[in-house]
Amino acid sequence: MDALSLIQILESGLRLSVPLIFACLAGLWSEKSGIVDIGLEGKMLMAAFAAAVAAFMTGHAWIGVFAGMAASTLLGLLHGFASISQRGNQIISGVALNMLAAGLTALLGHVIFKQGGRSPPLEGAARLPELAFGQSAMSFLAIAAALLTALALARTRFGLRVRAAGENPAAVDNAGVSVTRLRYGAVILAGLLCGLAGATLSLGQAAGFLPMMTSGKGFVALAALIFAKWRAWPAFWTCFLFGLLDAIAIRLQGVALPGIGAIPVQAIQALPYLFTIVLLAGFMGRAVPPRAAGQPYVKER
Amino acid sequence: MRVHSDPGGTSPPAIVFDHIDKRFGAVHANRSIHLAIARGDIHALVGENGAGKSTLMSILFGFYQADSGRILIDGQESKITSPSDAIASGIGMVHQHFMLVEPMSVADNLMLGHEGGFALAGGRKALLAKLDALARDYDLTIEPDAIVSDLPVGLQQRVELLKSLVRDADILVLDEPTAVLTPGEADRLFALLRDLKARGKTIILITHKLREVMEIADRVSVLRQGACVGTYPIVDTNEAALAEAMIGRRVHMPERADTLADDEPLLTVEALCVRDARGGMAVKDVSLMVRPGEILGIAGVAGNGQTELLEALAGLRAATSGSIRFKNSDISHATPADLHALGIRHIPEDRLRYALAYPFAVWENCLIGADDEQGSLIARQTVMGDAARLMQAYDVRPADPLLRAGALSGGNQQKLVLGREIEQRPRLLLVGQPTRGVDIGAIAFIHRRLLDLRAQGVAILLVSVELDEILRLSDRILVMQEGRIAGERRAGETDERDLGLLMAGIA
Ligand SMILES: Nc1ncnc2c1ncn2[C@@H]1O[C@H](COP(=O)(O)OP(=O)(O)OP(=O)(O)O)[C@@H](O)[C@H]1O
Ligand SMILES: [Mg+2]
Chain A
1 MDALSLIQIL
11 ESGLRLSVPL
21 IFACLAGLWS
31 EKSGIVDIGL
41 EGKMLMAAFA
51 AAVAAFMTGH
61 AWIGVFAGMA
71 ASTLLGLLHG
81 FASISQRGNQ
91 IISGVALNML
101 AAGLTALLGH
111 VIFKQGGRSP
121 PLEGAARLPE
131 LAFGQSAMSF
141 LAIAAALLTA
151 LALARTRFGL
161 RVRAAGENPA
171 AVDNAGVSVT
181 RLRYGAVILA
191 GLLCGLAGAT
201 LSLGQAAGFL
211 PMMTSGKGFV
221 ALAALIFAKW
231 RAWPAFWTCF
241 LFGLLDAIAI
251 RLQGVALPGI
261 GAIPVQAIQA
271 LPYLFTIVLL
281 AGFMGRAVPP
291 RAAGQPYVKE
301 R
Chain B
1 MRVHSDPGGT
11 SPPAIVFDHI
21 DKRFGAVHAN
31 RSIHLAIARG
41 DIHALVGENG
51 AGKSTLMSIL
61 FGFYQADSGR
71 ILIDGQESKI
81 TSPSDAIASG
91 IGMVHQHFML
101 VEPMSVADNL
111 MLGHEGGFAL
121 AGGRKALLAK
131 LDALARDYDL
141 TIEPDAIVSD
151 LPVGLQQRVE
161 LLKSLVRDAD
171 ILVLDEPTAV
181 LTPGEADRLF
191 ALLRDLKARG
201 KTIILITHKL
211 REVMEIADRV
221 SVLRQGACVG
231 TYPIVDTNEA
241 ALAEAMIGRR
251 VHMPERADTL
261 ADDEPLLTVE
271 ALCVRDARGG
281 MAVKDVSLMV
291 RPGEILGIAG
301 VAGNGQTELL
311 EALAGLRAAT
321 SGSIRFKNSD
331 ISHATPADLH
341 ALGIRHIPED
351 RLRYALAYPF
361 AVWENCLIGA
371 DDEQGSLIAR
381 QTVMGDAARL
391 MQAYDVRPAD
401 PLLRAGALSG
411 GNQQKLVLGR
421 EIEQRPRLLL
431 VGQPTRGVDI
441 GAIAFIHRRL
451 LDLRAQGVAI
461 LLVSVELDEI
471 LRLSDRILVM
481 QEGRIAGERR
491 AGETDERDLG
501 LLMAGIA
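If you read the sequences in order, they're chains A and B.
Okay, so the first sequence: first residue is 1 according to my numbering, each after it adds one.
Okay, so the second sequence: first residue is 1 according to my numbering, each after it adds one.
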C-alpha cells in the first residue's frame with residue numbers, strides 16, 4: 001500500500017468516524033450524569049431524517065443541521081422526562097425511543113417524499129461541502145467537541161456537578177444543587193450532539209436520507225463508550241479506530257487476497273463489529289460505569 | 001417538657017424546632033417535636049433506633065420537608081426547603097451515611113455546589129487557601145488531591161466535616177459520627193468539637209453512646225418513638241437516667257455465665273493469609289480455633305484485617321494460603337452455599353451490602369438464605385407469618401413484614417439480619433460488628449441472644465471494634481494488628497488498657 005492510499009484511508013477513516021464520535025460524546029454526557037442512553041441510535045436516525053427534510057425543503061445544509069439537532073434534542077427530552085421526571089426505567093425508555101424513531105422516520109418518509117422512505121438526492125448547498133483534507137466542517141466540529149467535552153468535564157463547574165450526579169446524586173442534592181436540572185442539562189447536550197451525528201450521516205456522508213441509515217452506529221458508539229471507560233479522549237480515539245476499520249473494510253472490498261481469493265463483502269463489513277466484540281470481550285480491563293447510572297434519583301433509603 | 005434557654009437569657013436560641021411533625025406513610029417519625037438549641041452549646045440528641053433523630057436533622061437540613069411545624073434560626077422563622085437554604089443559613093451536616101462522591105478527589109468533593117465560578121481553577125485556589133487556614137486553626141490537615149475512596153473512614157468523615165467548615169457553617173450537625181471511628185479517632189474528634197465550640201460554633205451531636213454524651217455535651221434531648229420526652233442540662237442527669245428516658249424502662253446488660261468449653265475445636269484456622277481488595281496482604285499468617293459453646297472475640301482497630309479474615313471464613317474472599325477446617329473437613333475453598341449446608345452462618349459487618357436487599361419487603365428478605373427448606377413455591381401466608389414472628393421476637397420496629405427493608409432504621413435492620421441468621425440454628429456463627437449503630441436497649445438484646453446461642457453450644461467468632469463488647473462477651477480474645485494476631489488473652493485476665501496497648505502494637 002503506498003503513501004497516497006494510506007493518507008486516503010486515514011482521511012476516510014476520520015470521515016466515517018465523525019458520527020460515531022458525536023454519538024459517543026452524547027452518550028458520555030448522558031451517562032456521566034447518571035442517565036443510561038441506549039437511544040443514541042434512535043436520536044441519530046431522527047436527526048438524519050429531520051436534517052434531510054429541512055435541507056431538502058430550504059436548500060441549505062446548515063438549516064438541516066439545526067433541524068436535526070432540534071429533532072434529536074426533542075427525543076432526548078422525551079427520554080429525560082421518562083427517566084428523570086417520571087423515574088422510569090432508562091433501558092426501556094431508550095428502547096422505546098429507538099422504535100419510535102424507526103417507525104416515525106419510515107412513516108414520515110413515505111408521507112413526505114413518496115419514494116419508499118428515502119429522500120430525493122440532495123445537491124449543491126443542501127449538502128455539507130468539503131473544507132480541507134477531504135473533510136467537511138463536521139470533522140473539525142467533532143474534534144472540537146471532544147476537546148470541549150474533555151475540558152468541560154474536568155475543569156468546569158457544570159462538568160464537576162455532572163460527574164458527581166452520575167456517581168452519587170444524593171451528595172449533589174445535599175450540596176444544594178438540583179440533580180434534576182443537571183441531568184436534564186446533560187440529556188439536552190446529548191441530544192444536540194446526536195443531532196450533529198445524524199446530520200453528518202444524511203448531509204455529509206450520504207446525499208440524503210435512507211431508511212435505517214444509522215445501521216447500528218448508535219450501538220457501536222455505546223460500545224466505544226464502554227471501551228473508552230467513559231472518558232472523552234479515549235472515546236474519540238476509539239471511534240476513530242472504528243472509523244478506520246470501516247475505511248479499510250471498504251477498501252478491501254473486491255480485493256482478492258493471495259490464497260483466499262475475493263472476500264465476500266458481508267464478511268468485510270462485519271469486520272468492525274467483530275472487532276468490537278473481541279475488544280470488549282478480551283482486551284480491556286474492567287470498565288466501571290458511573291455508579292448511579294441507570295438509577296432514578298429518589299430521596300429515600 | 002422542659003426547654004432550657006441559654007444561661008444569660010439575652011440572645012435567642014440558635015435553633016428552635018417548633019412542633020415539627022413528619023410521617024413516612026404509616027410511620028410517624030417525628031411527633032410535634034419542640035426543642036431549642038442554645039448558641040454555643042454542644043447539644044446531644046439521643047434515642048433508640050428509629051426514634052426519629054436522623055429524620056429531624058434531615059428536616060433541619062432541608063432534605064425532607066416537615067408536614068407541619070416551623071424552624072427558627074436565631075429567633076427568625078426560616079423556610080428551609082432545600083439543602084442550599086440550610087447551607088445559606090449557616091447549617092452544616094455530617095450525615096450518618098456520608099454524602100461523598102467516592103471516585104472523586106477531596107478537593108472536588110469540597111467544591112461541589114460551591115465552586116466559585118464557571119471554571120474550577122479559581123474556586124480551587126480559594127479552597128486551598130481556606131484549607132490551609134483551617135489546618136492552622138484546628139489541626140485538620142487533609143491531602144486535597146487524594147481520592148476519597150482511598151481514604152480510611154476517619155478521614156472520609158473529616159472531608160464530610162470540612163465540607164461544612166469551608167462553607168463557614170456555624171451550626172454543625174453530626175449524626176452518629178463515632179459509630180465508624182476507633183476510640184483514638186473519637187477522642188480526636190471530640191477535641192476538635194471542643195475547639196469548634198470554643199470558637200462559638202453550635203453543635204448538635206447524635207450518638208448512641210451515653211458515655212460520650214456525658215463527656216462532651218452541655219445539654220441532651222431524648223427522643224422516644226418520634227416524640228421529644230425531655231431536655232436536660234448534662235449536670236442534672238446521668239447515663240442510667242438517660243437510658244431509662246430513652247427506652248421507658250431500665251436496661252440490664254446480660255452477664256456471661258462462666259462455663260468454659262473444652263471440647264474439640266469446631267473451627268480451626270491455620271496460617272491463613274488473605275489479600276484485600278487492592279491486592280495488599282490484609283491477613284498475615286493467622287491461626288485460631290473456636291470450640292462449641294465458646295465465643296472467640298477478635299479485637300482490633302478497624303482496618304487491621306478483621307474484615308478480610310471474616311470474609312475469608314465466610315467464603316466471600318479467597319485465601320492466598322493456609323487452611324480452614326470445620327471439624328475434620330477442609331473448607332478452605334468452600335463456597336458460601338457449602339458453608340450454609342454445614343451450618344455456618346455469617347452476619348456481615350456491612351449489612352447494607354451483603355445481608356439485605358433494600359427495595360424488597362422484610363418478608364422477602366427473611367427468605368434470603370432460608371429458601372432451601374421452603375421448596376420452590378413460596379407459601380406466602382406461612383412466610384409472612386414467620387416473618388411477623390421473627391420481627392416480634394427480635395423487636396424489629398415497626399413490626400410490619402410488608403415494609404421495605406430499606407425503610408427500617410439502621411439498628412432495626414441489624415436486628416432483622418441477626419434474627420434471620422440465628423433462626424437458622426447455626427453451629428458456627430461468624431459475626432462482624434453486631435451492634436454498630438445500635439441503641440443500648442438493642443445492644444443488651446443482641447448480647448443476650450449471642451450468649452443464649454453460646455449456652456446452646458454454638459461456636460461464635462465475634463469481630464468487634466468495641467472493647468466493652470469484646471470484654472463482656474468473649475471467652476477468649478485475640479487482638480489483630482496489621483493483619484497479625486498481636487496477642488491472645490483469656491476472659492478475666494485482661495482489661496481495656498491491656499487490649500488497647502496490644503491494638504496499638506505497643507505491648
Ligand atoms: N425515607 C424514609 N422512608 C420511609 N420511612 C422512613 C424513611 N426515613 C426514616 N423512616 C422511618 O422513620 C423512623 C425514624 O427513622 P430515623 O432514621 O429518623 O431514626 P433514627 O433515630 O435516626 O434511628 P437510628 O439510630 O437507627 O439511625 C423509622 O421508623 C424509619 O423506619
Ligand atoms: Mg439515624
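Hints are computed from structural coordinates only; laboratory data are not their basis.
Be aware that a few hints might be false.
[Said to hold, decoys possible] Selected chain A positions facing chain B (in silico; Cβ < 8 angstroms):
| hint | residue |
| --- | --- |
| 1 | K114 |
| 2 | R118 |
| 3 | R157 |
| 4 | A164 |
No residue lacks a Cβ here, since even glycine has one placed at the ideal position from N, Cα and C.
Right, here's what the structure says about each hint:
1. K114: For K114/A, the interface hint is violated, since the closest Cβ of chain B sits about 50 angstroms away, which is over 8 angstroms.
2. R118: With a minimum Cβ separation of about 44 angstroms from chain B (threshold 8 angstroms), the hint on R118/A is violated.
3. R157: holds (4 angstroms)
4. A164: holds (5 angstroms)
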